[in-house]
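Engineer: Taken in order, these protein sequences are the chains called E and D.
Per the numbering used here, the first sequence starts with residue 1, numbered consecutively.
Per the numbering used here, the second sequence starts with residue 1, numbered consecutively.
Simulated from the structure, these hints should not be mistaken for lab results.
Keep in mind the model is a prediction, meaning the values are calculated, not measured.
Among the hints, erroneous ones may be present.
To be verified - Pairwise CB distance ranges, derived in the manner of DEER restraints: (1) PRO151/D to ALA112/E: 44 to 50 Å; (2) ALA116/D to ALA120/E: 43 to 49 Å; (3) PRO151/D to LEU8/E: 24 to 30 Å; (4) ARG62/E to ASN55/D: 16 to 22 Å; (5) LEU6/E to HIS87/D: 21 to 27 Å; (6) ALA181/D to ARG62/E: 22 to 28 Å; (7) ALA116/D to SER111/E: 17 to 23 Å; (8) ALA124/D to ALA120/E: 40 to 46 Å; (9) LEU189/E to ALA215/D: 29 to 35 Å; (10) ARG220/D to ARG62/E: 27 to 33 Å; (11) GLY47/E to SER89/D: 34 to 40 Å.
For glycine and all other residues, C-beta sits at the position ideal for the given N, C-alpha and C.
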Amino acid sequence: MFDTALTLADLGFLAKGAAMTLAVTAVSVLAGTVLGVVFGVIRNQAGPYWSMPITFLLDIFRSVPLLIQLVLGNALQSILKLGWAPFTTSCVVLSLYTAAYCTEIVRGGISAVPATTRRAARSLGMTWWQDMRYIVAPLATRVSLPAWIGLTLGVMKDSALVLWLGLIELLRASQILVTRLQEPLFILLICGAIYFIISFPIARLGGYLERRWSND
Amino acid sequence: MFSYNFHWNQAFKALPQMLEGALVTLQIALLSMAIGLAVALALTLFRLSGNRILNGFATAWVEVARNTPALFQIYMAHFGLGNFGIHLSPYTALLVGIAFNNAGYLAENFRGALKAIPDTQTRAGRSLGMTPLQAFRYIVMPQMLRIAFLPATNQMVWAILMTSLGVTVGMNTDLAGVTQALNAVSFRTFEFFALAAVIYYVIAKAVTLAARLAATRMFRY
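The shape of chain E in the complex, shown without the other chains (with noise of 0.2 Å):
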């Protein structure tokens, strides 16, 4: 029962899959939160009013299925005629995708920020990039970065869609693995352990930091 044509080289194929699913997401990841905390201080900025157009486009991206941004961004590209690879394109995709997220996180965490806490900082001579730069970011970092961990997880997970761009990431190895050694469980089952022992450390880390930061 427990004998399986899978070879050494055959994990070695899915290693290198985990590490495409790994590549697109720190790419993402780093991209989308360099545009989210951007866009996340314009919007705390401007006020809900005069924020209204970011605040749609971005809803865009939060209400639309991501493998049909995926599609639109691959078709788009294409269409402009700007001949990005696979990669390329899933990482503008993802990153758009990761921003529209990450805007909520950063102007929830600077609204977290009480205002008399910066009206003191202000009053002691502080510049407006001071006030950002010493009160607001290590306050607003504490509330933010467990909802921070837990969306960075959401884009690895949401990161197997990129196969539907013919991208080899750890999902789309193990399909090819499948259709080759016909034992659909035990590879899907080796698969899912890969995606659970990337994600399941870091989720209870995020866990553990919200219990922590949220008494005080």
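Using the hints provided, position chain D relative to the given structure of chain E.
Structural biologist: The following block gives chain D in isolation, referenced to the frame of chain E:
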């Protein structure tokens, strides 16, 4: 500027077909939510039961559902169960996958909601002669559902978005599947998928709005 001619009329001609697909999408989302809610309630009871096996089972379900991709769960239902001789159609596999995912996330929502309900209420109920199940059913559960309502709404929107994953296991009757089938015939990828995106957006917004209206009606004192 670019040499691509948009053919929107082709997409608009297919609108009735796509709207039919949207109905299937909504149906799967609602069904998966109903199953997910029922299972999540059972998992919550398992966790509260104090039985180690039941508690372990519930915890394992929640952690697996939350730490693996939804697409993986759907693949598991479609390809993985084949090893046991269970061959699900794309529709059923999609439903099973999403319901599994929903149950995990909703159970976690319920757990968060339970924390907000003081233990003393259960004890008060018990000392009035209620059985543990009665205390849960009549005192804790109504409050829990009320607190978890908004997160559950978000999960509903997620369920709608997740139905689009069915196309990867060969589903061709829901909105994404219909769009993909039309795209395979005409190669007007951008037009068809842009229209599908608009429909998904409208559905998601409508569900959010309806839930908000329902919440203000149900939860006023």
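Engineer: So which hints don't hold here, by number, going up?
Structural biologist: Hints 1, 2, 3, 4, 9, 11 are the ones this structure does not satisfy, whereas the remaining hints hold.
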